[in-house]
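S.K.: One-letter residues, chain by chain:
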Amino acid sequence: MHRTFAALSDPTRCAILEMLADGEKTVMDIAVPFAMSQPAISRHLKVLEDAALITRRIDGAKRPCALSPAGLEQLEQWATKLRKSMARNYDRLDAVLAAMPPVEKDTP
Amino acid sequence: MTALKIDLVGDGAAIVTRHFAASPEQVFRAHVEAEYIRQWMGGMEGWDMTHCESDARAGGVLRYGWAGPDGMSFEITGEYEVVKPYSEIRHVERMHVPEATPDNRCHTTFEAKEGGTLLTVRMQLPDEESLKAMLDTGMEQGMEDSYGRIDGLFS
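Sequence order for the protein chains is A and B. According to our numbering, the first sequence is numbered sequentially starting from 1. According to our numbering, the second sequence is numbered sequentially starting from 1001.
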């Protein structure tokens, strides 16, 4: 998941994933809204591909990109785990507070 | 009423609220004293807190670290700007995943309410994209709904 975090920590890559949510796209399609060269976009795609967040197939000279269901499934599972752990944090804090000795009366 | 609530308010800001059945003094101390922080600020399952430093005064440094499976590690570092017992904290923090994420400016307030404390954390990222990236990365202190974002991304 470390690669996944790194892949998601970049706003351009997040935006690319959002675009791909609409369906498969070529590098050229993806580059359109970004003030970025195609090689720069390709580097971002490589990071996403290495993180298994997208897949690329060969279509003649093109290599269209699509969201990877397996990668996203993994991310969703992670997200569910994370959501639980976050909720647990504050639940744990409830318990910590319940056990905390009363505060000294030096309140300003 | 303890439910966690997260509002994305635009321009890279998010507001998190949670009610606790304890005094503002107690909730405040649980947020700044390492002894308490390490008891509740956990990571994900299988992750253990390895260090927890909190020098809660203007200019003081905070540093929390976790170790996960397969030798993975995760750290949050930051600086306190305003520490006003027992009502308000302003600090800046960033996650290291391991690359540092953009600075997250947090304004935390503790208000006596309904016999307990209403905790409000306003997080300000440099822009909307950074906020989204941070929420997608998750692991903010007790932040719930990174997920709305992730769901939105992939639905």
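In short, the hints are calculated from the structure, not lab data. No experiment lies behind these values; they were computed from the predicted model shown. Glycine included, each C-beta is placed from N, C-alpha and C at the ideal position. One or more of the hints may lead you astray.
Under 10 Å between C-beta atoms, here's a sample of chain A residues computed to sit facing chain B [to be verified]:
(1) Asp29
(2) Ala35
(3) Gln38
(4) Ala40
(5) Tyr90
Partner residues are not named here, just some residues of chain B that face chain A (Cβ under 7 Å, in silico) [said to hold, decoys possible]:
(6) Arg1018
(7) Trp1040
(8) Tyr1080
(9) Ala1100
(10) Thr1101
(11) Glu1129
S.K.: Hints first: check each against the structure and report whether it holds.
M.R.: Here's how the hints hold up against the structure:
no.: 1; hint: Asp29; result: violated, 18 Å
no.: 2; hint: Ala35; result: violated, 14 Å
no.: 3; hint: Gln38; result: violated, 21 Å
no.: 4; hint: Ala40; result: violated, 16 Å
no.: 5; hint: Tyr90; result: holds, 5 Å
no.: 6; hint: Arg1018; result: holds, 6 Å
no.: 7; hint: Trp1040; result: holds, 4 Å
no.: 8; hint: Tyr1080; result: violated, 17 Å
no.: 9; hint: Ala1100; result: violated, 9 Å
no.: 10; hint: Thr1101; result: holds, 6 Å
no.: 11; hint: Glu1129; result: holds, 3 Å
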